[in-house]
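There are 6 protein chains.
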Amino acid sequence: MNLVNKKGIVVRNIARAERQQLSRFASYGVATVHEAQGRCGLLDARVRPVQQNCSVAGSAVTVLVTPGDNWMFHVAVEQCQPGDVLLVAPTSDCHDGFFGDLLATSLQARGVVALVGDIGIRDSQTLRDMNFPVWSRAVYAQGTIKETLGSVNVPVICAGQLVNPGDIIVADDDGVVVVPLAQAAKADAAAQQRVALEETKRKRLAAGELGLDIYQMRPKLAEKGLRYIDSLEDLQNL
Amino acid sequence: MNLVNKKGIVVRNIARAERQQLSRFASYGVATVHEAQGRCGLLDARVRPVQQNCSVAGSAVTVLVTPGDNWMFHVAVEQCQPGDVLLVAPTSDCHDGFFGDLLATSLQARGVVALVGDIGIRDSQTLRDMNFPVWSRAVYAQGTIKETLGSVNVPVICAGQLVNPGDIIVADDDGVVVVPLAQAAKADAAAQQRVALEETKRKRLAAGELGLDIYQMRPKLAEKGLRYIDSLEDLQNL
Amino acid sequence: MNLVNKKGIVVRNIARAERQQLSRFASYGVATVHEAQGRCGLLDARVRPVQQNCSVAGSAVTVLVTPGDNWMFHVAVEQCQPGDVLLVAPTSDCHDGFFGDLLATSLQARGVVALVGDIGIRDSQTLRDMNFPVWSRAVYAQGTIKETLGSVNVPVICAGQLVNPGDIIVADDDGVVVVPLAQAAKADAAAQQRVALEETKRKRLAAGELGLDIYQMRPKLAEKGLRYIDSLEDLQNL
Amino acid sequence: MNLVNKKGIVVRNIARAERQQLSRFASYGVATVHEAQGRCGLLDARVRPVQQNCSVAGSAVTVLVTPGDNWMFHVAVEQCQPGDVLLVAPTSDCHDGFFGDLLATSLQARGVVALVGDIGIRDSQTLRDMNFPVWSRAVYAQGTIKETLGSVNVPVICAGQLVNPGDIIVADDDGVVVVPLAQAAKADAAAQQRVALEETKRKRLAAGELGLDIYQMRPKLAEKGLRYIDSLEDLQNL
Amino acid sequence: MNLVNKKGIVVRNIARAERQQLSRFASYGVATVHEAQGRCGLLDARVRPVQQNCSVAGSAVTVLVTPGDNWMFHVAVEQCQPGDVLLVAPTSDCHDGFFGDLLATSLQARGVVALVGDIGIRDSQTLRDMNFPVWSRAVYAQGTIKETLGSVNVPVICAGQLVNPGDIIVADDDGVVVVPLAQAAKADAAAQQRVALEETKRKRLAAGELGLDIYQMRPKLAEKGLRYIDSLEDLQNL
Amino acid sequence: MNLVNKKGIVVRNIARAERQQLSRFASYGVATVHEAQGRCGLLDARVRPVQQNCSVAGSAVTVLVTPGDNWMFHVAVEQCQPGDVLLVAPTSDCHDGFFGDLLATSLQARGVVALVGDIGIRDSQTLRDMNFPVWSRAVYAQGTIKETLGSVNVPVICAGQLVNPGDIIVADDDGVVVVPLAQAAKADAAAQQRVALEETKRKRLAAGELGLDIYQMRPKLAEKGLRYIDSLEDLQNL
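Protein chains in written order, with this note's numbering: chain A, 1 to 238; chain B, 239 to 476; chain C, 477 to 714; chain D, 715 to 952; chain E, 953 to 1190; chain F, 1191 to 1428.
One chain only, chain A, in its complex shape (with noise of 0.2 angstroms):
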């Protein structure tokens, strides 16, 4: 684990995910599968969409950058495959726009079907005209430098999380989880459960039946003591 943000590398090869499990793990959402792998693995919450109503999943080409500096992105795109997610962290807190519909044409002239960043973004509009999704920190114009090299496929903190290439990005408009390409089996499993059983408890509760009675919890309510009263009023006597 000592060689996460290493700096200066470019790894050729790494393990990908099956493009059916991606493709599941794209319709399950983020929501429910974080929930499916312990609640591991999501991205701080100022990770967020730039378009809205799109839901994908895909392996993670990590991309290491410098403030102010996206020189790495070119190397990048180079070593992505279809169905690839360019994930990229910063060293340092940065918002600068290192990414535009240049890079984006370039992705997805190669198939990358997203870019997920702690950076900033522009080019905003076009990408949303061109079907390209982004997740960033922010949007500002602001343009980037090419002076500092980074790391491709290298392991790296991003938003909070640490990020291995080949482990599988889920971003929707609820933010980005990432799950880790040995558990994707196992956190494909339970969210397939868990989309099961949810699809039941939606249909009674739309039915108008109450998740105090479907999950039983009326005795460990009363057990911690929480009282029922009549009226505001009461409130003053207790």
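Quick caveat, the hints were computed from the structure, so don't treat them as lab data.
Accuracy of the hints is not assured; some may be wrong.
[Said to hold, decoys possible] Calculated pairs, DSS-like style, for lysine-lysine (alpha carbon to alpha carbon, straight line, at most 27 angstroms):
| id | chain 1 | residue 1 | chain 2 | residue 2 |
| --- | --- | --- | --- | --- |
| 1 | C | K483 | B | K458 |
| 2 | F | K1336 | A | K220 |
| 3 | A | K146 | C | K677 |
| 4 | A | K224 | B | K245 |
| 5 | A | K146 | C | K679 |
| 6 | A | K146 | C | K696 |
| 7 | D | K860 | D | K721 |
| 8 | C | K696 | C | K677 |
| 9 | D | K938 | D | K915 |
| 10 | C | K622 | B | K439 |
| 11 | A | K7 | F | K1414 |
| 12 | F | K1393 | F | K1410 |
| 13 | B | K424 | D | K938 |
| 14 | B | K384 | F | K1336 |
| 15 | C | K483 | E | K1176 |
| 16 | B | K462 | D | K860 |
| 17 | D | K915 | D | K934 |
| 18 | B | K244 | A | K224 |
| 19 | F | K1336 | D | K934 |
Bear in mind that the values here come from a model prediction, so they are computed numbers and not experimental data.
Guided by the hints, dock chains B, C, D, E and F onto chain A, whose structure is given.
Here is chains B, C, D, E and F on its own, set in the frame of chain A:
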């Protein structure tokens, strides 16, 4: 007033506004209602709509929760009636995802018109698809637990405002304002009057009349010392 | 430059850019214009559009206001001409709702194309319905008073940038950039050239060529010491 | 409760706590008092001390101000008595420097023990030199005007808490907590008991006893499923 | 004014204020100077002192830097003279640690009296031990590189204010204010007068006189409609 | 790396650095250690010291906690040895007061040298009086509960950095840096060398030599195109 944020209590019966009055408040919108009641009751600007182009008004069923714990939502659902707004206040800062589509299904089944909370929510895309409007401080998939008592229908402080159960909550794209139930009639009348007045002003302004003339501001501006000069060069010589 | 933020002044006559040039700047967009003038003039990332998919350019009528006081807006309207952008700077941090649909009606009647301000605004839904575009730091219903003088058409600092009256304001989904009037021709030419160049690059990138090759980055990367390795296992052995 | 933040009013007579009780609250400190009254009444964490190593308690003289306007401070001074704390709430977010050494001189002349406000203050160095303690959300030299009425001694919402005039304000390096006057006796007794209990615990802990044993946590931890393993290697094999 | 933030330039000769005038400004302090020049020139509240109880004034040697790059500091040192303040503005938001004890040693060797910047700094403890005062937006150990040109002694925007080289920078525990060199004499006189006036007021206030009377506020308050009532009970009946 | 933030686990035995090496790291300080290991491992700037003038280094006993729940602190105490630093990471953003003087007493009894956490703490004044140093993201009296399991001595992400149990934590007025145990020897040597080099540079700079000359920057600056001009007037004519 000592009973604000009192924990472990559910108040069963609260006074509510009439449905027709609530409809009127929804049609006035937040900015107008806020003005009509003397610029009081506006929740902090951090509470923002999850959807766009939606204006609602309802009777507050208040929910006091502890950070990261959404147990009280289930208790609250049972207390809700058609036309209510669930108004959620945490006892300490927290933007976890307390609320999602299952709870929304349950609330919708009871006729609740919206959720407003100084909290995070999740399943944002599904909530929009369901047409269940939400105002929150964050969209974030982080789950919550069910371990600690809060309260339902006690007075709470939410995003900087005191809300009593039964108070009228008005929410639209501009944010959220609370109207104390006892002041509803007065605010209603004032808002109606304001809407009429604004209609007149809008027509005059659209026709090109100046606010300077409509509001007769020129004498007061002159008295305060406003100086008109011809060019920036003259500014150098002042 | 000592006259920045000078209070109590209205300057009646200011130089403005030609309408055709403004149209061109609107079509370039913020990111391109910002690059074209050497990465200067970008307002702070906190100033964000209230609407989506809108790009404008206009001549700045500057308004200096005191926190929570929108009196000067009415003075400013009279100084506006078709093609102008109202550019508002407070003398101290404030996100109250200085601006709403009535003022927008008045500006629209005079042909003003947008409002840009380091302030809060309200009536956001109505503003979108009116097709009057706004860039602001907050949407917040909090009202303002009319008690204190500011200025119209003096140089101001707005969201971290100096704006002189008559400067060109370009705004789109990426934010806002200011082009000093004296540099407009130069920035215009540079932007036009940049757009042409980008078109070429876009085609090559879309065809699958790599930026690494188009921009001939490989030698410089090698010189800086970038190392390609075959797998994460090799990383452990470096 | 509908009278919260009512403008244009000065209430001349308010109930106050006894000076000896105030002294006791100051000695307990904020964390203890907050616990003793069931974890209620804590002002938002943004309100911080301007000085260090100072603990005070006093009766709240509440001041409602409009953003950027400190006129009401002068009205409030006249209502103050020895042992009071001036508690200031703006009707909308503002961190301008409402308060400085001249007002502090005036308050000190009347025996006021501290200023607490969700506002900015200035002359911070002089305030420390004068030994006049202040808790604020910012230190900022920006001046304010005297144009708009607020109120003195009406109920206000300050940094997320309801404060009634005469409530007890306790402030130290940890922040600020408000004790409703009607609950003062109960909170006082609970705090005293808590202090005694903590003293015992502190001795046992200092002697090396573990909280795990003192609080008998081991069974509950085991029941929740806590697993002890010998090394990180074993973690891999779980 | 088109030359603000112009890159790649070092201006060798700038006008500076006299040392005696600088001493006077340091003794007035930030709040007084800010008032004396009509409440202009205050840097954003995010720029805070690293030390306490220190008040300085000096002539600005301006440094324009790119985010994460401190190369220009070394260029700037050579342009400094005794009595200068190094005033640093980044072209885009960055709180990396641009400045530490080695650069401070170099500046101290040339008689520079302080560093003020909208940047991060490091070695904060050593800087305090050296008695080299610093005002910054962050204390953060993150290092910077030396790759990109900025400028020395061009006009810059720093924390929301325009600063020309040679302008007077006044900094103390309340923050930082800039006085344009051309207005120094006027501001100096006004500040001196203000200090004298405040001394008189301070004595009267300390003796227990009320601001209400000293400033004759009672009639205006009455005219605005301020109502005095006897108790909170009366408030209910208004 | 899949075991980061794994819940419900206590690891009993971890490798630790030697006490003499820890002493050396404390003497180097954060900025130097951060540089010495290639600018890695710095915690986010939001984690700040509660005291001043204190530099420590220790072996990390990691604690994973859920928001608003400090139960795991008690479990962690038992795992601590003299020379350890308690390093606390929440699974989701929370600035409640997880830690106070009783827990500090317990840690001090076991020889723990400091607490570092991306959390809030309380009893700040007592902690300083006890000479128990703390680095945290907030000082806030809000209490926590003891309901949910976390972990002790598993790998965690804290304020943006991966920390393995036993890693070296260095903290001073500039913030906090983590040195992976396996890299400690290398970082130690590099830091020692850096300290020696800096001593030499410091003497030369103090004697008035310029960094421009010591680091031979002039040719590279010229090559990049830096232009020296005589005055601001010349700037106008460029």
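**Request:** With a cut-off of 27 angstroms on the C-alpha distance, tell me whether A:K146 and C:K677 pass.
**Result:** Measuring from Cα to Cα gives roughly 17 angstroms; hence the hint holds.
**Asked** Is the straight-line distance between the alpha-carbon of C:K483 and that of E:K1176 27 angstroms or less?
**Response** holds (25 angstroms)
**Message:** Can you confirm whether the C-alpha distance between B:K462 and D:K860 stays at or below 27 angstroms?
**Reply:** Cα-Cα ~14 angstroms, so holds.
**Request:** Measure nothing beyond the straight line between the CA atoms of F:K1393 and F:K1410; if it is 27 angstroms or shorter, mark the hint as holding.
**Result:** Holds. F:K1393 to F:K1410 sits at ~24 angstroms (cutoff 27 angstroms).
**Asked** B:K384 and F:K1336: Cα distance at most 27 angstroms?
**Response** Holds. B:K384 to F:K1336 sits at ~13 angstroms (cutoff 27 angstroms).
**Pair hint outcome, C:K483 versus B:K458 [Cα-Cα no greater than 27 angstroms]** = Holds - the C-alpha atoms of B:K458 and C:K483 are around 16 angstroms apart, at most 27 angstroms.
**Satisfaction of hint between C:K679 and A:K146, Cα-Cα up to 27 angstroms** = Holds: A:K146 and C:K679 sit about 22 angstroms apart, inside 27 angstroms.
**Asked** Is A:K224 within 27 angstroms of B:K245, Cα to Cα?
**Response** This hinted pair holds, its Cα atoms lying about 11 angstroms apart.
**Item:** Satisfaction of hint between A:K220 and F:K1336, Cα-Cα up to 27 angstroms
**Value:** Measuring from Cα to Cα gives roughly 17 angstroms; hence the hint holds.
**Request:** For the pair we were handed, C:K696 and C:K677, check the Cα-Cα distance against 27 angstroms.
**Result:** holds (20 angstroms)
**Asked** CA of B:K244 to CA of A:K224, is that 27 angstroms or under?
**Response** It holds: about 15 angstroms lies between the C-alpha atoms, which stays within 27 angstroms.
**Request:** Starting from F:K1336, check that the Cα of D:K934 is at most 27 angstroms away, please.
**Result:** Measuring from Cα to Cα gives roughly 10 angstroms; hence the hint holds.
The structure does not agree with numbered hint 13 stated previously, though it agrees with all others.
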